[in-house]
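Enquirer: These are the residues of each chain, in order.
There are 2 protein chains.
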Amino acid sequence: MRQTDGTRILVAQGGGPTAVINQSLVGVVLEARRHEGIARVYGARHGVRGIVNEDFVDLTQETSHNLELVAGTPASALGSTRDKPDLAYCQEIFKVLRAHGIGHFFYIGGNDSSDTVRIVADEARKAGYPLRSIHIPKTIDNDLVANDHTPGFPSAARFVAQAFAGANLDNAALPGVYVAVVMGRHAGFLTAASALGKKFPDDGPHLIYLPERVFEIERFLADVKAMHQRHGRCVIAVSEGIHDAAGKPIAAQLAKDLETDAHGNVQLSGSGALADLLCEEIKAKLGIKRVRGDTFGYVQRSFVGCVSDVDQREAREVGEKAVQYAMWGERDGSVAIKRTGFYSVDYELVPLEDVAGKTRVMDDAFIADNGTDVTDAFRLYLRPLLGSGMPDAYRLRPAPVPKVLRA
Amino acid sequence: MRQTDGTRILVAQGGGPTAVINQSLVGVVLEARRHEGIARVYGARHGVRGIVNEDFVDLTQETSHNLELVAGTPASALGSTRDKPDLAYCQEIFKVLRAHGIGHFFYIGGNDSSDTVRIVADEARKAGYPLRSIHIPKTIDNDLVANDHTPGFPSAARFVAQAFAGANLDNAALPGVYVAVVMGRHAGFLTAASALGKKFPDDGPHLIYLPERVFEIERFLADVKAMHQRHGRCVIAVSEGIHDAAGKPIAAQLAKDLETDAHGNVQLSGSGALADLLCEEIKAKLGIKRVRGDTFGYVQRSFVGCVSDVDQREAREVGEKAVQYAMWGERDGSVAIKRTGFYSVDYELVPLEDVAGKTRVMDDAFIADNGTDVTDAFRLYLRPLLGSGMPDAYRLRPAPVPKVLRA
Numbered sequence: 317m318r319q320t321d322g323t324r325i326l327v328a329q330g331g332g333p334t335a336v337i338n339q340s341l342v343g344v345v346l347e348a349r350r351h352e353g354i355a356r357v358y359g360a361r362h363g364v365r366g367i368v369n370e371d372f373v374d375l376t377q378e379t380s381h382n383l384e385l386v387a388g389t390p391a392s393a394l395g396s397t398r399d400k401p402d403l404a405y406c407q408e409i410f411k412v413l414r415a416h417g418i419g420h421f422f423y424i425g426g427n428d429s430s431d432t433v434r435i436v437a438d439e440a441r442k443a444g445y446p447l448r449s450i451h452i453p454k455t456i457d458n459d460l461v462a463n464d465h466t467p468g469f470p471s472a473a474r475f476v477a478q479a480f481a482g483a484n485l486d487n488a489a490l491p492g493v494y495v496a497v498v499m500g501r502h503a504g505f506l507t508a509a510s511a512l513g514k515k516f517p518d519d520g521p522h523l524i525y526l527p528e529r530v531f532e533i534e535r536f537l538a539d540v541k542a543m544h545q546r547h548g549r550c551v552i553a554v555s556e557g558i559h560d561a562a563g564k565p566i567a568a569q570l571a572k573d574l575e576t577d578a579h580g581n582v583q584l585s586g587s588g589a590l591a592d593l594l595c596e597e598i599k600a601k602l603g604i605k606r607v608r609g610d611t612f613g614y615v616q617r618s619f620v621g622c623v624s625d626v627d628q629r630e631a632r633e634v635g636e637k638a639v640q641y642a643m644w645g646e647r648d649g650s651v652a653i654k655r656t657g658f659y660s661v662d663y664e665l666v667p668l669e670d671v672a673g674k675t676r677v678m679d680d681a682f683i684a685d686n687g688t689d690v691t692d693a694f695r696l697y698l699r700p701l702l703g704s705g706m707p708d709a710y711r712l713r714p715a716p717v718p719k720v721l722r723a
Numbered sequence: 317m318r319q320t321d322g323t324r325i326l327v328a329q330g331g332g333p334t335a336v337i338n339q340s341l342v343g344v345v346l347e348a349r350r351h352e353g354i355a356r357v358y359g360a361r362h363g364v365r366g367i368v369n370e371d372f373v374d375l376t377q378e379t380s381h382n383l384e385l386v387a388g389t390p391a392s393a394l395g396s397t398r399d400k401p402d403l404a405y406c407q408e409i410f411k412v413l414r415a416h417g418i419g420h421f422f423y424i425g426g427n428d429s430s431d432t433v434r435i436v437a438d439e440a441r442k443a444g445y446p447l448r449s450i451h452i453p454k455t456i457d458n459d460l461v462a463n464d465h466t467p468g469f470p471s472a473a474r475f476v477a478q479a480f481a482g483a484n485l486d487n488a489a490l491p492g493v494y495v496a497v498v499m500g501r502h503a504g505f506l507t508a509a510s511a512l513g514k515k516f517p518d519d520g521p522h523l524i525y526l527p528e529r530v531f532e533i534e535r536f537l538a539d540v541k542a543m544h545q546r547h548g549r550c551v552i553a554v555s556e557g558i559h560d561a562a563g564k565p566i567a568a569q570l571a572k573d574l575e576t577d578a579h580g581n582v583q584l585s586g587s588g589a590l591a592d593l594l595c596e597e598i599k600a601k602l603g604i605k606r607v608r609g610d611t612f613g614y615v616q617r618s619f620v621g622c623v624s625d626v627d628q629r630e631a632r633e634v635g636e637k638a639v640q641y642a643m644w645g646e647r648d649g650s651v652a653i654k655r656t657g658f659y660s661v662d663y664e665l666v667p668l669e670d671v672a673g674k675t676r677v678m679d680d681a682f683i684a685d686n687g688t689d690v691t692d693a694f695r696l697y698l699r700p701l702l703g704s705g706m707p708d709a710y711r712l713r714p715a716p717v718p719k720v721l722r723a
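If you read the sequences in order, they're chains A and B. Per the numbering used here: the first sequence = residues 317 to 723. Per the numbering used here: the second sequence = residues 317 to 723.
By construction, these hints were calculated from the structure, which means they are not laboratory data. Heads up, some of the hints might be wrong.
Treat identical chains as interchangeable: a pair holds within one or across any two.
Stated by the list, open to error - Using 20 Å as the maximum straight-line C-alpha spacing, the simulated SDA-like pairs for lysine to any residue come out as follows:
1) Lys719 x Asp371
2) Lys654 x Pro667
3) Lys411 x Ala443
4) Lys601 x Phe531
5) Lys674 x Val461
6) Lys515 x His381
7) Lys654 x Thr675
8) Lys515 x Val720
9) Lys411 x Val720
10) Lys654 x Gly703
11) Lys442 x Gln407
12) Lys400 x Arg655
13) Lys605 x Asp399
14) Lys411 x Asp371
15) Lys442 x Asp519
16) Lys605 x Ala568
17) Lys654 x Ala462
18) Lys411 x His502
19) Lys400 x Pro491
20) Lys411 x Tyr445
21) Lys411 x Thr675
22) Lys719 x Thr376
23) Lys411 x Pro718
24) Lys719 x Ala355
25) Lys599 x Ile533
Only chain A is shown next, with the shape it has when bound in the complex:
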């Protein structure tokens, strides 16, 4: 690699951190360092905001050994942002890119970030600035179109499956109703992953509420009552994004001060209000005494020590592929994961406008007819993504002792 001339590339991370987003970062950096045409690999601190602030670090000066250790560390090592660039913001970006001689821009993020890449690419084209812009997918929500799944989702899904496997055991030990709220604004994939924590037919989660279906509190209460009567207990997975028939989030109906981000999204996470509301309804309307609610919150996307090895590998590869597309391809785009076997994947560079700002939700084939469970098609879809070494739960087999006094 030459030190002074050749292309300079810039990589940044946007949106919510994941367990494997640094794999993609390191995939970009290590692959870029192999290419003679690339002189420097810069990282922008805190996404597009770091670009306009010229807040760059030189990743060419980082050791490959430390890069590997960072790759195995969750959450965005460069820092992230929720900023959504408008025209003025993008003009600032260009000024900076031009001043630093940046030729390739790689942005790792979800559908908001892919939209950012699309705007930046558009502005570059309009301004006649020669920029190759590649979006690298990442989101625990698994809501990018054109992808079989997105890096970050498998590890978060693994956390949710393991958490529900444990919550089910806890609830079986001390029976009652347990409600846990899972992240996912529009897409229910992560909430649906709770089903993979189930082993025996009477295990929880017994009910799963997804944003792909309208949530009605009366039907919810009837479901809980029936399940509690059947099993003497009930474990429930609820998406933070559940909403009424008008599309209004159930969580938003409770919040006193609605906080919205730059993308106009109402804040759903970082509050236990939804779980608490549902628990209070169950206590009040069904008269069940032991009702407990958890909100998995930020732990589900950042927990250190729960990662899918499949997710790690793929997250690394989308970073590598992004550089290969940039160096040997002729166009901007978004790296997409395509499933080619059970289980194998390949990658494709799809047009940015195919992905940007669009939201994928769960296919009807993944949701059971009753609307409160997943199908075998979903189980088969998700199982290989969770990776190797999934912990397993075992039970004592029944060998009842005859009663003496009450015989």
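Here the structure of chain A is known, so what remains is to put chain B in place on it, guided by the hints.
Expert: Below, chain B without anything else, positioned relative to chain A:
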């Protein structure tokens, strides 16, 4: 082992499940199966409630292979209870024990459960019934006196440390204030474990609030303001048991309907109210915009796949030792863990009345003078308990790129 005569023993699990309580159960069963004097090993379903209901399973008929798999599964495999037996309840217990020819009673649980064992043992003595009663320690709260630590705590502490390690990375990526509420009614050990998730000097948790110190909202806000100014962000660990100078839990000041269990304990877990209140205070009083709260809830005690191997080994041993004390000892008691080196332990049978109903809290030597951090003594105390293979977090080392436009 003879099939028809010899002693019958009964084992049960009480209180909140842990990641390793089944290790102790299996320790009892497998050790008991080695003793010729023990004919049958019964397990009571759902603690003392299962005894009065004669709801027994014959663990002599379970395979050692499945017992090993159950040992590795979190949460009480026999089921648990929150019942606290009074005299009439205990008389029911005796009737059942006598009818089934039970000679040894092993109860795995925390300080409420040790009190149950003490009452049962007292009643047996008063009734002239020959019962050997042994309490086997278990509690994620680590609040049993006479013990260096209690089985279940190390694994829960490991979860909390790993969760804060991840939350710190997430918060560094998207800066703001993050508050997470950790279990522990009277003892702050589990909340203090958050400090073990810290690696670099500026990592969070930046503030730790323990029930061993009086919580004042004004001081809390001043602490958060100062830390946020210093680091541009702030990660906070809060015990669910924080209370005002009068001893009233901060959480209880919010709850509309105070739910109490049979032991008179106010329900603190299973609600996100405390985290939400603290977040609202920070937003309102300090004007910080990005404030997020999580409540670790039941996940921290039941998560499948986060366990300390040291905890597993010791939990197994307290079960084994309980049977050995029962067979070769002459008295009732509670198995206690004593630290003998760095790191090694031995076990002792201590009188039930030394443990029963008493609550250990954190020693002053474990709490920093400012009241919002732990000391090195605590770090040294906890580190070996977390076990092997703790995940680690790494950072990019700074190599700033000179600014061009803003040079």
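Enquirer: A separate judgement is required for each hint: does it hold in the structure or not?
Expert: Quick rundown of the hints versus the structure:
no. : hint            : in the structure
1   : Lys719 x Asp371 : between (74 Å within a copy, 8 Å between copies)
2   : Lys654 x Pro667 : within (15 Å within a copy, 64 Å between copies)
3   : Lys411 x Ala443 : within (10 Å within a copy, 89 Å between copies)
4   : Lys601 x Phe531 : within (17 Å within a copy, 35 Å between copies)
5   : Lys674 x Val461 : within (7 Å within a copy, 57 Å between copies)
6   : Lys515 x His381 : between (40 Å within a copy, 19 Å between copies)
7   : Lys654 x Thr675 : within (17 Å within a copy, 56 Å between copies)
8   : Lys515 x Val720 : neither (34 Å within a copy, 58 Å between copies)
9   : Lys411 x Val720 : between (86 Å within a copy, 10 Å between copies)
10  : Lys654 x Gly703 : within (17 Å within a copy, 39 Å between copies)
11  : Lys442 x Gln407 : within (11 Å within a copy, 87 Å between copies)
12  : Lys400 x Arg655 : neither (31 Å within a copy, 55 Å between copies)
13  : Lys605 x Asp399 : between (45 Å within a copy, 14 Å between copies)
14  : Lys411 x Asp371 : within (14 Å within a copy, 76 Å between copies)
15  : Lys442 x Asp519 : neither (57 Å within a copy, 43 Å between copies)
16  : Lys605 x Ala568 : between (26 Å within a copy, 18 Å between copies)
17  : Lys654 x Ala462 : within (8 Å within a copy, 58 Å between copies)
18  : Lys411 x His502 : neither (36 Å within a copy, 57 Å between copies)
19  : Lys400 x Pro491 : between (46 Å within a copy, 17 Å between copies)
20  : Lys411 x Tyr445 : within (10 Å within a copy, 88 Å between copies)
21  : Lys411 x Thr675 : neither (31 Å within a copy, 64 Å between copies)
22  : Lys719 x Thr376 : between (74 Å within a copy, 17 Å between copies)
23  : Lys411 x Pro718 : between (82 Å within a copy, 15 Å between copies)
24  : Lys719 x Ala355 : between (80 Å within a copy, 17 Å between copies)
25  : Lys599 x Ile533 : within (13 Å within a copy, 30 Å between copies)
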